[in-house]
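Chemist: Please construct the entire structure, taking both the sequences and the accompanying hints into account.
Here the protein sequences come in this chain order: E and X. Our numbering numbers the first residue of the first sequence as 1 and each following residue consecutively. Our numbering numbers the first residue of the second sequence as 1001 and each following residue consecutively.
Please note that the accuracy of each hint is not assured.
Unchecked claim - Covered stretches of chain E, as calculated for chain X (at least 3 residues, CB under 8 Å):
#	stretch
1	32-44
2	133-141
Unchecked claim - With beta-carbon atoms standing in for the labels, derived distance ranges:
#	chain 1	residue 1	chain 2	residue 2	range
3	E	ASN3	X	PHE1027	51 to 61 Å
4	E	VAL301	X	ILE1013	45 to 55 Å
5	X	VAL1488	E	PRO140	33 to 43 Å
6	X	HIS1541	E	THR278	31 to 41 Å
7	X	LEU1167	E	VAL260	56 to 66 Å
8	X	GLU1165	E	PRO186	43 to 53 Å
9	E	GLY142	X	ILE1332	36 to 46 Å
10	X	HIS1541	E	VAL301	17 to 27 Å
11	E	PRO140	X	VAL1560	47 to 57 Å
12	E	ILE12	X	LEU1016	15 to 25 Å
13	E	ASN272	X	THR1029	32 to 42 Å
14	E	VAL260	X	PHE1579	47 to 57 Å
Just so you know, the hints here were simulated from the structure itself, not pulled from any lab data. Virtual Cβ for every residue (Gly too), placed ideally from N, Cα, C.
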Amino acid sequence: MKNAFFMVFVFIILTIATAFVSTVAISLIHLSFLMVAGESLSFINFTLFFQVLIKALPFCLVFACLGLIFYFIRHPNISILSTLFYFIIGFSIWLFAIPWMLSMQLAQKPLVSEYEARRLSEGFFRQTKSSVDYIARFFPEGGAEGVRIDTSSSGHIESVFFDEDVQVPEQAFYADPLFEKTIDLPPVLEVLKTFFYFARTEAIKSLARGYLSYLMFASLALLSIFFVRNINSWKLINVSLVVALFVSICKINREVFSAVLFDKMIGFFQHNNMLWFTNRNNIQFVINISITLCFCLIGLVHFIRQRQKIK
Amino acid sequence: MKIYKHVIAVILIYLLFSFVGIGLFVFFTSPVPEEFASYATQYKIYEALLVFLKFLPSLLLSAFLVGLSWSFGRSDSEKVERFSTIRVAFFKNVIALSFTCIVLCMLSSEVFIPLLQNTQENMENKEKNFEAYLLLAAESAYADDYIYAKYYIDNALALKPNAVEALDLKDTIDIFYSGMKQKIRDREMQEQVSSPISVQDYGYTSPQLMERAREAFLKEDFFNAHYYANLLLEMTEKKDGNRQEAQQLAADAWNKLQDNPTGLDGEQVLAYETKRKGYVAFINQEFEKAYYIFSDLKTAYPADLDIDRYFLLSKEKMDGKYFFSNEVEDLINFEQYKDVYFSVKKPEGGFFLLYWKGGTAKEKAGNLIQYLRELNVFSYDENKELEFSFSVPYAKLVAFPLEQTPQTFQADMHKRFKMKKESSQFVPFIYLVSTDSEKDGLYLGPSFSYEREVGSNHYNSLLLAMPFDDFLQICKASLGVKVMPLTVLASFAKKADSYGFSKEVYFQTFMDRMSYPFVLLIVLILLAGISWNYKLGTETHFKFVWLITLPLFTFILYFVLETILYLLNLSSFVIIGIFGGVAPWVYLLILCVLVLLSAIIFSALRSD
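Modeler: Right, here's the structure in full:
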């Protein structure tokens, strides 16, 4: 009993920690995009923190569940009650908390909209893709005067007038190109960001189609990793396997909505009049349920073998 | 309790396999860009090394994690309590192993990766430079300029020692070069014997000048007699006792100069008259005219001491105003800096904005001289309005002693940069006008593209109100902030915004590079904690096949490390925003606290 409650305490701590880290990190990224050289920017913005927290919390809860699996690997002798608590927490998150949070997000304004109108500062060289720009001064009536060095090939330099809004980078997310190289997400994080956007968008879409559709989307395969957590006798290997399985399940679910293979499969089902399978949420459901059953089976076989070894 | 054995074994085995694996993978899959076609194998080797070094931190971290987890399982770890003696021993071992990993990672990021990238860049330029050197060598040889020809062909052969075409050309050049060197040696010997007069006329006292003038007059060397007498009159005050005699001697010498010496043929008379014309131009401070007259005469009469002397004197005067266009011939192939730009405040208010396409530092002159190709200057007044802009095809920048600048300039430099009037203090001085060394009238100076008041700007030179060291740092910054030496980066970050660069970017890069070993140490200690928590069971038999999961850890840790470094980079902006110039110290303090915390976390772990 004590262990089960301690596990709940661990879950709460993990949720708070992941929520704090992800909120601070994402807010920091958002605010860094608004930085302009030589101008101060307040990095404390509670409205933004709250908005980010609401968006990040579903993911934090899922990661906290993953953290619980690591906890179970570290402490393999767990009680039935702890297992029961794990599944109660997991089901509560997927069936109630996430849908509720997603519906709250729909009512939210886009992030940091009030900051978008920042303009560049005077007196700095700014390297863009094809030129180096220097704003010497802003005109009171709008626009600015400065110098542009064409670095693409010719190296031609000339005095120029900048547009009224002085937005140097085209379709750039950042306010000042000076910080582009530092604040641009590294490729590995870009993958993570793309996945988060995908998961959030598809979850909201599924929820909009109805709760049953959302259940098909959720299909709880990530929770079933629990069954294969102690497959190896070295705990560290189990950690790596759990991470690999977690990433693989996310990847497979992502592919259902984007890969050519699944497009062909849907075409095939359409051709053969198997209409239930032409819905991607249904395919996702079948795949996730198969994964869950597979993991349950592996876990069961492993459990029986371990028991036999002990006897 | 030693835990090195397993960790070192795993690290060595894994690094070896990774090196071979990555090497083979890159070697057989990486495409070779067209410009590296002739160095395909070399390029692939460097590319494979670069990929290996890029992954080195995560390779080391994963091997460290797995090795330590194995090692902890094999040590007597069942009885370990929090902060116990055995835990302290473990911690010491972990720190020792961490330092080894950190040293390897630092060597990789600060030495080997920049070195390899540099080598790859050089390879790209190698072919291009070889062709250029070969062409220049052939051209110089064709123009009988064997000193240059020898220099170029040696450089070409340094790049490609076995190139047949270069070796053939070298043989031809060497024959002529040896003959020419002998001639030069003979001429130098001759000059040493017959040239007692030095052009160094500084530091003479009034009696010494008078003595020299008298001596020259007696030898019927009227040019020098007049010159020294005139110099005395220029240098001394009116009450000087020698002035009257000098005046008389100058007048007598001048009268003598008007008469052509007897016994000369037609050509010699013409030469004497031209010499006199040149001397008159020199005395009247028309140094350009004097220079070209004596330059022509020197070609025809190289042994004439008067001509040689006044040629050197007028060249000395020319050097103070112009530089010669032959100084910049072919420099484009040897440029060290490309696309350099910065802004610099003017003492009288406003600022200059400078940009040049390529810069060549004269290394023999201790980098105190630099030639700037296609220099563009934009001048703004104190209201940030454009006053004028001009460009010059080539400019010569020299380190100019601060003590020789105007008082107001010195006061401004002292106020803004705390520069004292010492001889070791220099500021950049740019010669904007170049001229031909032989032909008069070929001046190349500023070409104005904009003038607020047309015709009011005349610039032969430009004095920049900045320390010369700052100028050198700007040149280094143009090569890229990531490859700047860390000490230069730290020093330049403080003043970057004075020259139009973002202080935040330079401080952030400095903090990023400075924090890297600390971040690695924190991650390694925390990984040691994970190794402990998920260690191999004491009863469990280790299977080598488990090591195949190592690449999985490598990818996970690569992702983790990239994320941590990225978020720390962004955090450093916050610290810079709050603490400004002391941000690196604050950041260092935070990192030290994090190291301490991770050490406490590791030491507080115990057995199950």
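Chemist: None of the hints should be skipped; say for each whether it holds.
Modeler: Here is what the structure says about each hint:
no. : hint                               : in the structure
1   : 32-44                              : holds (count 7)
2   : 133-141                            : holds (count 3)
3   : E:ASN3 <-> X:PHE1027: 51 to 61 Å   : holds (53 Å)
4   : E:VAL301 <-> X:ILE1013: 45 to 55 Å : violated (32 Å)
5   : X:VAL1488 <-> E:PRO140: 33 to 43 Å : holds (40 Å)
6   : X:HIS1541 <-> E:THR278: 31 to 41 Å : violated (51 Å)
7   : X:LEU1167 <-> E:VAL260: 56 to 66 Å : holds (58 Å)
8   : X:GLU1165 <-> E:PRO186: 43 to 53 Å : holds (47 Å)
9   : E:GLY142 <-> X:ILE1332: 36 to 46 Å : holds (42 Å)
10  : X:HIS1541 <-> E:VAL301: 17 to 27 Å : holds (21 Å)
11  : E:PRO140 <-> X:VAL1560: 47 to 57 Å : holds (50 Å)
12  : E:ILE12 <-> X:LEU1016: 15 to 25 Å  : violated (45 Å)
13  : E:ASN272 <-> X:THR1029: 32 to 42 Å : holds (40 Å)
14  : E:VAL260 <-> X:PHE1579: 47 to 57 Å : holds (52 Å)
In this structure, the earlier hints numbered 4, 6 and 12 are contradicted, and the remaining ones agree with it.
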